[in-house]
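There are 2 protein chains.
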Amino acid sequence: MHNIDVLTRHQATAIDTRSKQVTTRDLEKNRDLTLGYDKLIIATGAQPTVPPLPGITLENIFTLRTVNDALKIKLCVDSGRVKNAVIVGGGLIGLEMAENLALRGIKVTVVELLDQILPPLDKDMAQLVQKHVMENGVEVVTSDGVKSFEGNSDGAVTTVITGRQQLPADMVILSIGIKPNTKLAQEAGIETGTSGAIKVNKRMETNIPDVYAVGDCAESIHLVTGKPAWIPLGSTAAKMGRVAAINATGGNDSFQGVLGTLIVKVFELNVGKVGLSEREAMKEGFEVESAIVPAGDKSHYYPETKDIIIKLIADKTTKKLLGAEIVGEGMVDKRIDIIATALTFGATVDQISKLDLAYAPPYAMSMDAIIVAANVLGNKLEGKTVGILPSKVAERCDRSEDFVLLDVRTEMEYKGGHIKGSKHIPLDKLSSRTHELDRSKEIVTYCRAGLRAAHAYRILKNAGFHNVKYMDGSILAWSYGLEK
Amino acid sequence: MHNIDVLTRHQATAIDTRSKQVTTRDLEKNRDLTLGYDKLIIATGAQPTVPPLPGITLENIFTLRTVNDALKIKLCVDSGRVKNAVIVGGGLIGLEMAENLALRGIKVTVVELLDQILPPLDKDMAQLVQKHVMENGVEVVTSDGVKSFEGNSDGAVTTVITGRQQLPADMVILSIGIKPNTKLAQEAGIETGTSGAIKVNKRMETNIPDVYAVGDCAESIHLVTGKPAWIPLGSTAAKMGRVAAINATGGNDSFQGVLGTLIVKVFELNVGKVGLSEREAMKEGFEVESAIVPAGDKSHYYPETKDIIIKLIADKTTKKLLGAEIVGEGMVDKRIDIIATALTFGATVDQISKLDLAYAPPYAMSMDAIIVAANVLGNKLEGKTVGILPSKVAERCDRSEDFVLLDVRTEMEYKGGHIKGSKHIPLDKLSSRTHELDRSKEIVTYCRAGLRAAHAYRILKNAGFHNVKYMDGSILAWSYGLEK
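Keeping their order, the protein sequence lines are chains A and B. Numbered by the numbering used here, the letters in the first sequence go through residues 1 to 484 in order. Numbered by the numbering used here, the letters in the second sequence go through residues 1 to 484 in order.
FYI, nobody ran anything at the bench for these hints, they're computed from the structure. Note that the Cβ used here is the ideal one computed from N, Cα and C, for glycine as well. Incorrect hints may have been included.
[To be verified] One-sided and incomplete, this derived list gives chain B residues near chain A with beta-carbon spacing under 10 Å:
#	residue
1	N3
2	I4
3	D5
4	T8
5	K227
6	A238
7	R242
8	D253
9	G257
10	V264
11	T341
12	A358
13	I459
If we strip away everything but chain A, and leave its shape as in the complex, we get (with noise of 0.2 Å):
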């Protein structure tokens, strides 16, 4: 009906750039098909690593790439013999496959090497991940690699011994991550990027004339560091992919490029993030400010409205948002979307703050969350108001420093759960309590969302409290355990 031919079962082999001219393997009849184009459109993906450890090629360890891989582990699990999963990165794929084994009754070990799941994320976000993750009975090993697979008699996998442990697995998903399949490309003379992945300009086009890449094998650029970089989603493949037919085909099409845009469902969790986190922009030279905000994702009001825990990224010395991660059960990907196209426009945190978005109970609160979010961080910003974050707050205490932890929930929330060593005094006794407080040390007041930390914060100040901080976000962005 379009008149394309479609050639399956064919293997490109090489590309002669010169003659205009792709070689390729018909690997059914097993003989060669030399194919002539007037335009070439590179489009090969990536493919999943995989690390060369002892025992890697045993039975039932496999990754997930394609409709084939996703079968054969259906066909694995369907055989009911599969009773402790491990899964080797605890990335995007790592996680979603974490939660579909779970829900399939299967004791699932999710090994990670860097100190957090999510490596996209900020640990202080990544670990509200992990924290839902783990309550739903997934096991998270971080820190630990790798290191040699066991397997039975029959050749299959048993044991994942990694660095610390030896883990009891009938099953092992490799998610590691990716790399771009760049070789036909490459020797075909056509350039590579700083990312590994085919360079190519907003065309499309690679250095070669009339060749084009797109899709998960090529290069793009960064919007808010304007660098290269090499983010592989199927959203910016379609772009790509769009803009290169567009151009190929005599007309003028561009790809300016991405924001790292991503988003993930975990268990009830909704995980998202667009542009920098703070450690990317802090690695990028920004001076970086930040704030964690929970807030309700409809009006709280109404029904089956649920939080969501926003951090804003900014840059101190233009004040334009750098990025923003958001987790919760609540509408995530709405937000970062909203963030998406503030950070392609270049937006400052008060533009944020001022978006006229849409609101009805059903939706949003009167002021979207986003706007609060954005409305704290450039209290920030302005300093109107010092906040520290959880994780900040997380290791001063480990490290027994001198500060007083306030809490200024009710009477109830405080024994239902607070954090070690914190004083309690109720916002609304603050004013007539404050001669309790030491005035020559730091006080940071935090509560179960963060407003009537600020308010305390604001209550402090005035009565002439000089070093006082509030904790972003307090209760609900803190995962680093309560006492009652």
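Following the hints, put chain B in place on chain A, whose structure we already have.
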């Protein structure tokens, strides 16, 4: 706790801007109280329009603005005596009331003076909502106005007399609009703007020093037209209030304006709008191109994926987006907010089609619905395709104009219901059956959602047909009846 005095049951009766004093009436003790101010913030809100019609003062005729209004309506419904209710005005409040009364088992009729409900929307999109409302058992009467109300011997309303009919009514809700409360301000010499609301600058300052106005009594700027606009909404009021508070306390903040963003739940439909409708854009003098595009709100294979129908409106000259209207059971609010953010930064249609929005199957298609819609509109703006809105096709059918309406769906789909008078050639047969079509006539292709119609358009153009269009949104956007 916050050191704020709140005077309830006190009515502000006069402002003296020279002596900086407000006279208030203590309604309990029936005496005046004069309050001095350094800074004054006027937030007098708005009130419902009540037309001076015969019988307007009968019992059980309500407006819905305050909590007290809501309590009175609830009391009346709870009495169990309301069998028939008439809602005057088919705007957002009217439709929300229609839904909630219908869900209480009351027979509801909505009477609207205009030829469509939801006046901020274009008629074609509003008709999709009207169809849904009527399918849920609510009667909708358009192009008809209320002339008077009749009551029984107890003084309670029994009948609504319109220009064309008599409607039984045990209860009437007036929701024909609101007007800003500006009397207090005007009497003090505070200027109102062209919209009738209090004129303010971006700092929310009125023409009188140290006097601010915020919320439903204050005017704003429409960010697309740059002109004064009065679009009273809670979300805007909250932002204005914050800006005025910051400025009144020595800070410096500004509110740039609004986009008329709205969202409303009507039974199972989510209905949203942002920026200008096509009608409004034409009235403002823009040369307009628009597209109606149905698309899934999630990946098509993901459970619970639902259609949304997107109308995008753009300026032909600058290719900037001017507005969007979205209707559907799927996630409408997310796409409205993406467009609200894009409009704030003057985005072109092309820029929207390249946004790096969050993709995973539970959240979006790999190209989000809004990107698909921007691509379709982009094709029209570039002259690659020529579309025609369903409303225009319906008009031409009504006038029995001579053109071929070509249904390219499958045999089964065609037999399930098609537009009266249409010719049927399935898309996969079209290339070989073009001889059945009269080349001298205009051909308008349609399918279910528009994709196959656009393919058919391309096939016919490639086959040398000159006068071809495809129908935007096709059957999914067609609300004018089908025949089998």
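Earlier hints that do not hold, by number
Violated hints: 2, 3, 4 and 5; rest satisfied.
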